[in-house]
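With the sequences and hints as input, model every part of the structure.
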Amino acid sequence: LHLSQHLFIKTMMHPPTIHRRNNGHNRLTIFFITALSLSISVHNGLLASASAVVAPPIMAARLGSKTRESTAIVSNTARTTTKTMTAPSSATAVAEAPGDFADAIEKSSSNPITQLGKYVKDTVVNFKNGLVQMNTDHRSCNDIRDKQRTFAKANETTRPRGVKGLQTGGISYEEYDFLRKGLVDRNKLFAVTVVSLCLPNYFVYYMWSFPDMMPSPFSKGKDMKEVSRERCHAVISTLLDIEKGARVAPWSAKLNPFGRKATEKAMERLTSFVSLGCANMEEYGAVGSNGGKMILKKLKPQLYSSTPLTKQQSLLAGKVVPKQIMKGLTKAISADPINKGSSPFGHGAVKHIESVTLADEFLVDQGIDIDSINSALLAEACSERLIGGPSWSDEERKEALSSWLQETEIVPRETIKDNEGLHFNGNLARAALMSYNAVDGTRDARADSSLLRVMYQGQSKGPVILK
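To get the working numbering, take the position in the sequence shown, counting from 1, and add 101.
To be clear, the hints were calculated from the coordinates, so they are not data collected in a lab.
For clarity, every value in this text was computed on a predicted model and none was experimentally measured.
One or more hints might be untrue.
What the hints assert, rightly or not - No more than 20 Å apart at the CA atoms, straight line, and that leaves these computed lysine-lysine pairs for PhoX-like:
hint, residue 1, residue 2
1, Lys326, Lys441
2, Lys265, Lys254
3, Lys412, Lys424
4, Lys428, Lys452
5, Lys355, Lys345
6, Lys428, Lys401
7, Lys432, Lys452
8, Lys366, Lys452
9, Lys323, Lys366
10, Lys265, Lys452
11, Lys428, Lys345
12, Lys420, Lys345
13, Lys452, Lys424
14, Lys366, Lys355
15, Lys399, Lys420
16, Lys229, Lys219
17, Lys452, Lys412
18, Lys394, Lys499
19, Lys362, Lys424
20, Lys428, Lys362
21, Lys248, Lys265
22, Lys428, Lys441
23, Lys326, Lys432
24, Lys432, Lys345
25, Lys345, Lys362
26, Lys345, Lys366
27, Lys518, Lys398
28, Lys424, Lys323
29, Lys441, Lys452
30, Lys441, Lys345
31, Lys323, Lys441
32, Lys518, Lys401
33, Lys452, Lys420
Claimed, not checked - Computed spacing ranges between beta-carbons, pair by pair:
hint, residue 1, residue 2, range
34, Glu521, His239, 40 to 48 Å
35, Ile517, Ser443, 26 to 34 Å
36, Glu384, Ser353, 32 to 40 Å
Positions of the beta carbon are idealized from the N, C-alpha and C atoms, including for glycine.
Below is the structure:
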């Protein structure tokens, strides 16, 4: 293993020289290093092969059958869509922890040549399984799209192409989520292919810098406790940025002597926002779903308008939402790799809210029963909306998701139906609810960052809750 690592590092230290001497050899080297990097997750936990996602019997069944029934897709979809939420296990790939893997290798043979040979063999197998899984997922997506076309034809309509086509009914929520992830995987594959062809010498650095940019058969889900901790830190840093913006003028204000009044007005708006936020968080009963309802009730004059929404209002830009909140919301959203989409730098808050809006519309329009969603997909759906934490039960998540749909889709539709000409700013409502959910999750005693709560709970009369 030390010999392979030495050769790997030595190869990467001189890519330009290899390129000048023999371009074909350079391409072969980059291909080998790519396959090697894709399977490193078996040893260091950064990436995982598709064989670690689907159990061997299921994989054999998928490879052996060229034609699959549509009813069998749901079960395969449920397994595939949960691959980012659970720790993978496999028979072909090495599924043990790094320590167990090293112990097994040491017991089997102490010969470094044998160890290197086994390492290369596992690399090739994992890379092949990942490609096979991507092909299988693509065929499953085609089968699901055929079901949507059949449903649209039965209703005398057509299935649109692109993202709008995902909203066509006739499928379950598991299949809908599978299509969304398949679209993201194809975009990631396209980006990886472009980088590997245009910048072959720096492709490995690209994968090291953006490990979440690999398609899902090669990626490993992030621990939800770590996601909870990062979101708690994002909440605290955002509160500090808001308070600093209300008290300290930005350094750029000194460069513009004529913008003093504009800076003072911006600081006054943030000061009012701080007072309003403190009043809302201190209000009795502002916990869980009830707290979100209270926030939206107070924002009702800003959420509903008799005039069409402007582009600035739809994008939550300018004076609509403070930039400190949008920055903190983006951090909290990007803490979960599932929410980053196909961009290496992650989605912005507005782009993510638009994606969540499509999912909300599908759930309401198709009359999906929340109780029918399995635990893994339910946790993913709540994570997309910053609801709850890793220790929440399914019942809590179902109640919170039902309340979310009620406040963001069902109630606004009824209000607009009863009041013709009224317009609803759904992006603002979802941004407000996500911000509240992030704060509520940080205050939850089951959040992973216990030190953030100890500082305040030490002043209370009740017992201090660390976990």
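Violated constraints from the hint list, given by number and in increasing order
6, 8, 9, 20, 28 and 30
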